[in-house]
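Kindly generate the complete structure, drawing on both the sequences and the hints.
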Amino acid sequence: MKKNRLIPVVLLRNGWIVQSKGFSSYQNLGNPIASVKRLSEWASDEIIYLDISTDDKYDLRRDDQGYKNRDNFLDIIRDVSDVTFMPITVGGKIRSLSDIEIRLYSGADKVCLNTMAIEDIKLVESAVREFGSQCIIISIDAKEGPNGHKVFSHGGKRETKFEPHELATIAENSGVGEILINSIDRDGQGTGYDIQLLQQITNSVSIPVIGCGGVSEWHHFSDAFEQAGVDAVAAANIFHYVDQSVFLAKKYLFDNGVNVRKPDLIKL
Amino acid sequence: MTNGLICVLDYGSGNVRSVYNVLKHLGHNVMVSGEEKVIKNASHIILPGVGSFGTAMKKMKENLPMQCLENEVVGKGKPFLGICVGMQVLADKGYEFEESEGLGWISGSVRKLRSGDLSLPHVGWNDFLVETPDPIFNSLKEHRDFYYVHSFCFDACHEESVLARADYGEKFAAVVSKDNIYGFQFHPEKSQRAGQLLLNNFVMQK
Chain B
1 MKKNRLIPVV
11 LLRNGWIVQS
21 KGFSSYQNLG
31 NPIASVKRLS
41 EWASDEIIYL
51 DISTDDKYDL
61 RRDDQGYKNR
71 DNFLDIIRDV
81 SDVTFMPITV
91 GGKIRSLSDI
101 EIRLYSGADK
111 VCLNTMAIED
121 IKLVESAVRE
131 FGSQCIIISI
141 DAKEGPNGHK
151 VFSHGGKRET
161 KFEPHELATI
171 AENSGVGEIL
181 INSIDRDGQG
191 TGYDIQLLQQ
201 ITNSVSIPVI
211 GCGGVSEWHH
221 FSDAFEQAGV
231 DAVAAANIFH
241 YVDQSVFLAK
251 KYLFDNGVNV
261 RKPDLIKL
Chain R
1001 MTNGLICVLD
1011 YGSGNVRSVY
1021 NVLKHLGHNV
1031 MVSGEEKVIK
1041 NASHIILPGV
1051 GSFGTAMKKM
1061 KENLPMQCLE
1071 NEVVGKGKPF
1081 LGICVGMQVL
1091 ADKGYEFEES
1101 EGLGWISGSV
1111 RKLRSGDLSL
1121 PHVGWNDFLV
1131 ETPDPIFNSL
1141 KEHRDFYYVH
1151 SFCFDACHEE
1161 SVLARADYGE
1171 KFAAVVSKDN
1181 IYGFQFHPEK
1191 SQRAGQLLLN
1201 NFVMQK
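Read top to bottom, the protein sequences are chains B and R. Note that the first sequence covers residues 1 to 268 in this note's numbering. Note that the second sequence covers residues 1001 to 1206 in this note's numbering.
It is worth saying that the hints were derived from the structure and are not from the lab. Among the hints, erroneous ones may be present.
Claimed, not checked - Just so you have them, the derived chain B footprint on chain R, three or more residues with Cβ under 8 Å: (1) 1060-1066; (2) 1095-1109; (3) 1113-1126; (4) 1154-1165.
Said to hold, decoys possible - Now the in silico label distances, taken between C-beta atoms and shown as ranges: (5) R:GLU1098 x B:SER96: 39 to 49 Å; (6) R:MET1031 x B:VAL242: 36 to 46 Å; (7) R:GLU1098 x B:HIS154: 40 to 50 Å; (8) R:ASP1134 x B:GLU125: 28 to 38 Å.
As the list claims (entries may be wrong) - Here are a few chain R residues that sit away from chain B, every Cβ distance over 12 Å (derived from the structure): (9) TYR1011; (10) GLY1034; (11) LYS1037; (12) LYS1040; (13) MET1204.
The beta carbon of each residue, even a glycine, is placed where N, CA and C say it ideally should be.
Set out below in structure tokens:
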């Protein structure tokens, strides 16, 4: 039987892992190569890397941990894929088919598209034809307003005309493989997933939905599986703060009867 | 562990690098190549695969010395492993986009998965049930989920060619084998502990 997945999201800003709050304040959490080793050892099901740099400067100044200095997102992905043996998804700053191709060539298994889905759905269709459905994830950033949830583009800065379920349906009809739905309101708040938002998406598409935004306790993950019927749960901050986080989260889910892979600790 | 050389066939398909990385990590002597002399020198040959049946066959014919490969694998019985589309091309025929000829090393054909209500492609972690015990499954215990990415599956002509089946709307071949030839529908290179165990078991084959 196919398993539900637990997916750490790693936000990279100018070459560093950062914690994000409300898509606007960022705190530095360290070196991506050191972190990918931990996430591998805790047997994550996949990892999503999102490049949220504001310009194209990458700076891994601290060279004191025995890892190479990398100043380019693609080099980081290349290094990461050399040491981890699980599926990797890469997102951020993807505007063309060649942007996708170079990310896959650098070791990504899938790419995550955001602004492209809002601005040019025809290009998303071309990407599906060229690289296959399994390779294309659409991420949707949503925020609640007086008239319900709306989709935001450009890193949560611009409001669009779409309601989240409308964009999800368009994406599904274009042949994309999965939807990653993220709540801007819950980002960094630790109050749990926006279950209503997740339900809105799972009720409108039949492709796998990955929920994101707001986790601070293990039971938030099972809430999303049980109440919203998502295929996978993702989170960023919590996985970087707690030792053996992925293992412990999965153990909680496994022990509570959620259909996940058996928790494992791998010695690298 | 073997001191022999593992040749990962390079024919312009994706994920050659990740197969190379994991074998290197496991301490094996491995080369990515499509050259005749490397194929002849190798003790084991692996055919990775991403993409469609027809494209994979076309690229193989363009980039690999097919006669030499057949001599080594079918003629001399060198251990061979096909992964994902690399497994599917072992069949006689494939029906992805159009009908294409396969290698025909394990009798069967490749058709679309009948997943019912479940969406295609089948992407994610899934287990399988062993139907015929084989050394390839040695030491496979509690961590036995593998990473799958596919929409098509292998219909074997002979039941005994299917060593294990997975379930996604229907039961389909996860591991096929005939003599020295193995095929995995999942990606062992992306399957952490379980995938590495099966790759090591393959490398133990003589």
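Legend entry - Minimum Cβ distance from R:TYR1011 to chain B greater than 12 Å, as the annotation requires: Holds: least Cβ distance 16 Å, greater than 12 Å.
Inset, instruction - Using the Cβ atoms, figure out if R:ASP1134 sits within 28 to 38 Å of B:GLU125. - result: Given range 28 to 38 Å: violated, Cβ gap about 43 Å.
Legend entry - Hint check for B:HIS154 and R:GLU1098 - Cβ pair distance inside 40 to 50 Å: The hint (40 to 50 Å, Cβ to Cβ) holds, given that R:GLU1098 and B:HIS154 are roughly 42 Å apart.
Inset, instruction - Run the C-beta distances from R:LYS1040 to all of chain B and say if the shortest one exceeds 12 Å. - result: holds (29 Å)
Inset, instruction - Find the nearest Cβ of chain B to the Cβ of R:LYS1037 and say whether that gap is larger than 12 Å. - result: Check passes; 27 Å lies beyond 12 Å.
Legend entry - Pairwise beta carbon distance, R:MET1031 to B:VAL242, judged against the given window 36 to 46 Å: holds (41 Å)
Inset, instruction - Closer than 8 Å, Cβ to Cβ, for at least three residues: run that test on the segment 1113-1126 of chain R against chain B and report holds or violated. - result: Coverage by chain B holds for the segment 1113-1126 of chain R (10 residues, Cβ < 8 Å).
Legend entry - Whether R:GLY1034 stays farther than 12 Å from all C-beta atoms of chain B, as the label says: Given that every Cβ of chain B is farther than 12 Å from that of R:GLY1034, nearest at about 18 Å, it holds.
Legend entry - Coverage criterion applied to the segment 1060-1066 of chain R (partner chain B; beta-carbon cut 8 Å; 3 residues): It is violated, with 0 qualifying residues against the three required.
Legend entry - Within 8 Å of chain B (C-beta), three or more residues of the segment 1154-1165 of chain R: Since 0 is below three, the answer is violated.
Inset, instruction - State whether the coverage of the segment 1095-1109 of chain R by chain B holds or is violated, taking the criterion as 3 or more residues with Cβ-Cβ distances under 8 Å. - result: Three-residue rule not met by the segment 1095-1109 of chain R, so violated; n is 0.
Legend entry - Reported absence of R:MET1204 from the contact zone with chain B (all CB gaps over 12 Å): holds (19 Å)
The structure fails hints 1, 2, 4, 5, 8 (numbered hints given earlier, in ascending order).
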